[in-house]
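Novice: Start from the sequences, fold in the hints, and give me the full structure.
Here are the chains, one letter per residue:
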Amino acid sequence: MDVANSIDPFIYRLAIFVLAIFVGYYVVWSVTAALHTPLMSVTNAISSVIIVGALIAAGPVEMSFSKILGIVAIGLAAVNIFGGFLVSQRMLAMYKKKQ
Amino acid sequence: MSANLTALAYLIASVLFVMALRGLSSPETARGGNIYGMIGMAIAIITTAINPDVVSYGWILTALVIGGAIGAFIARRIAMTDMPQLVAAFHSLVGLAAVLVAAGAYYNPAAYGIADGSGDLQLASRVEMGIGVVIGAITFSGSIIAFGKLQGLVTGNPVTFPGQHALNALFGAVIVILAVLFAISPDPEWFWAMTALAFVLGFLLIIPIGGADMPVIVSMLNSYSGWAAAGIGFTLENTALIITGALVGSSGAILSYIMCKAMNRSFISVLLGGFGGDAIASTTYSDRPVKAGGAEDAAFIMKNASSVIIVPGYGMAVAQAQHAVREMGDMLKQHGVKVTYAIHPVAGRMPGHMNVLLAEANVSYDEVFELEEINSSFPNTDVAFVIGANDVTNPAAHEPSSPIAGMPILDVDRARTCLFVKRSLSPGYAGIDNDLFYADNTMMLFADAKKMIEDIVKAL
Chain A
1 MDVANSIDPF IYRLAIFVLA IFVGYYVVWS VTAALHTPLM SVTNAISSVI IVGALIAAGP
61 VEMSFSKILG IVAIGLAAVN IFGGFLVSQR MLAMYKKKQ
Chain B
100 MSANLTALAY LIASVLFVMA LRGLSSPETA RGGNIYGMIG MAIAIITTAI NPDVVSYGWI
160 LTALVIGGAI GAFIARRIAM TDMPQLVAAF HSLVGLAAVL VAAGAYYNPA AYGIADGSGD
220 LQLASRVEMG IGVVIGAITF SGSIIAFGKL QGLVTGNPVT FPGQHALNAL FGAVIVILAV
280 LFAISPDPEW FWAMTALAFV LGFLLIIPIG GADMPVIVSM LNSYSGWAAA GIGFTLENTA
340 LIITGALVGS SGAILSYIMC KAMNRSFISV LLGGFGGDAI ASTTYSDRPV KAGGAEDAAF
400 IMKNASSVII VPGYGMAVAQ AQHAVREMGD MLKQHGVKVT YAIHPVAGRM PGHMNVLLAE
460 ANVSYDEVFE LEEINSSFPN TDVAFVIGAN DVTNPAAHEP SSPIAGMPIL DVDRARTCLF
520 VKRSLSPGYA GIDNDLFYAD NTMMLFADAK KMIEDIVKAL
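Chains A and B supply the protein sequences, listed in that same order.
Position one of the first sequence corresponds to residue 1 (our numbering), numbered consecutively onward.
Position one of the second sequence corresponds to residue 100 (our numbering), numbered consecutively onward.
Hints in this document: simulated from the structure, not taken from any laboratory.
Note that the structure is a prediction, hence the values are computed from the model and not measured.
Ideal Cβ placement from N, Cα and C applies to all residues, glycine included.
Wrong hints could be hidden among the right ones.
[Stated by the list, open to error] Listed next, with one range per pair, are the computed distances between beta-carbon atoms:
| hint | chain 1 | residue 1 | chain 2 | residue 2 | range |
| --- | --- | --- | --- | --- | --- |
| 1 | B | Asn461 | A | Val61 | 51 to 61 Å |
| 2 | A | Lys97 | B | Phe260 | 30 to 40 Å |
| 3 | B | Trp291 | A | Ile11 | 25 to 35 Å |
[Said to hold, decoys possible] Chain B regions said to be covered by chain A (calculated; three or more residues, Cβ under 8 Å):
| hint | stretch |
| --- | --- |
| 4 | 124 to 133 |
| 5 | 136 to 144 |
| 6 | 193 to 199 |
| 7 | 351 to 357 |
Specialist: Given below as structure tokens:
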């Protein structure tokens, strides 16, 4: 294929990024103010999806500086994932309506 | 698993994350939404773990188990009043993880398939990595300071010094230059110098910001942690990270905007900091007469009222008075009083802080109202019961010359009687006297919030 006519995959990623910002924008505006604290703990938990990058760094068999960084990052992200989702669950369980 | 299947699994995980946020539009759907979030995370992790490049699981599982156990322990034990510091601490971990992942990719780009012909990181990835690592580092150190301020380890007062903004600008400029140098030639010294300066800049950016501006700052750091994840996502060419980063980034940005609007301040003025520091010195304390009362007086007034609006603020969180408040509300309801709660968007130290505390104390969420929903009800209300919420009730906000001019406030002064629980007449964070204390229809209840409310419960 002619190089000038092929689209750099970066452009696709940029498109995904921009559209995701819009999705986030509209979804978050519909979050009720009463749940803004759980919103922060949930977003915090899902931003720890950065763990996927850490898994790749920690994946190879032989030990290396890169692998050590990956292992530490997995530990940190795991604190966030478990802590973030569980504390959100704990908070959300408290929001009750009396009959 | 083929690259296509992996990408599709990431797409499913991203959709589940969107559904997790969508669930938060109401308390009934929020618990289900959180489950979607957990499933999405599990899919993302498993998909990556069975990737052919990931072959050694021993250390991965060890780190997951240790980190997960610590996280689960904290989530179970943390007091609800400490949520702001917990969220700040969690943001710092995301920031640090982003820096570590970037460094991991920098030292082994081939594992991510982002190496150029000579085995170095390719140009586009270097640019994206620079952005991601700088935002991640700022998020990390900034969140540490925010945590310290919220936990009381670092002074909550603004820390300012001459030339502060010029110094920050200089740091910012040097970081940009280093990022450009790193993009031109990926030497480790550029990478680490850029990262180290960004750590320092994170500290410098947050120290001038005072305690009550923390709702904006915690939201902003929430946003930064998202942008850092997205930046790393571009570097690693990982759509799950890009989408999630964008979602979190825009979420934090919206929360910052809502918080700024609720204080009628611009984001820039919050960022520049120093608010509330100098103003206290210039305040002239008035010695106007104040009507003060005790628990019996307050109990008598409220018992004979037909409607009471309770206005909690940071003082309630500090005194851990939320359970006593709910007990008082229940007692009043037994006396046939209509009890509702009014929450200002910036009451407390993070968005929604008061709502969580009331929920913890078993207050039904349909009795809790936001500023716009309830403000018109104050003129028809017998008693506004304010617990340590000073600036957000200060009528000075209606005067153009006031430092808090234009800030939307809860009109507690329009209620027939205003009971104000506070330890002293000291001004709030904005450093201005509150006319409300001296109004004819205000009765001050000078005491620790928890003790005063427990005494009122006894008197009822």
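Novice: For every hint, state whether the structure bears it out.
Specialist: For each hint, the structure was consulted:
no.	hint	result
1	Asn461(B) x Val61(A): 51 to 61 Å	53 Å, holds
2	Lys97(A) x Phe260(B): 30 to 40 Å	50 Å, violated
3	Trp291(B) x Ile11(A): 25 to 35 Å	31 Å, holds
4	124 to 133	holds (count 7)
5	136 to 144	holds (count 6)
6	193 to 199	holds (count 5)
7	351 to 357	holds (count 4)
Checked against the numbered hints listed earlier, the structure breaks hint 2 alone; every other hint is satisfied.
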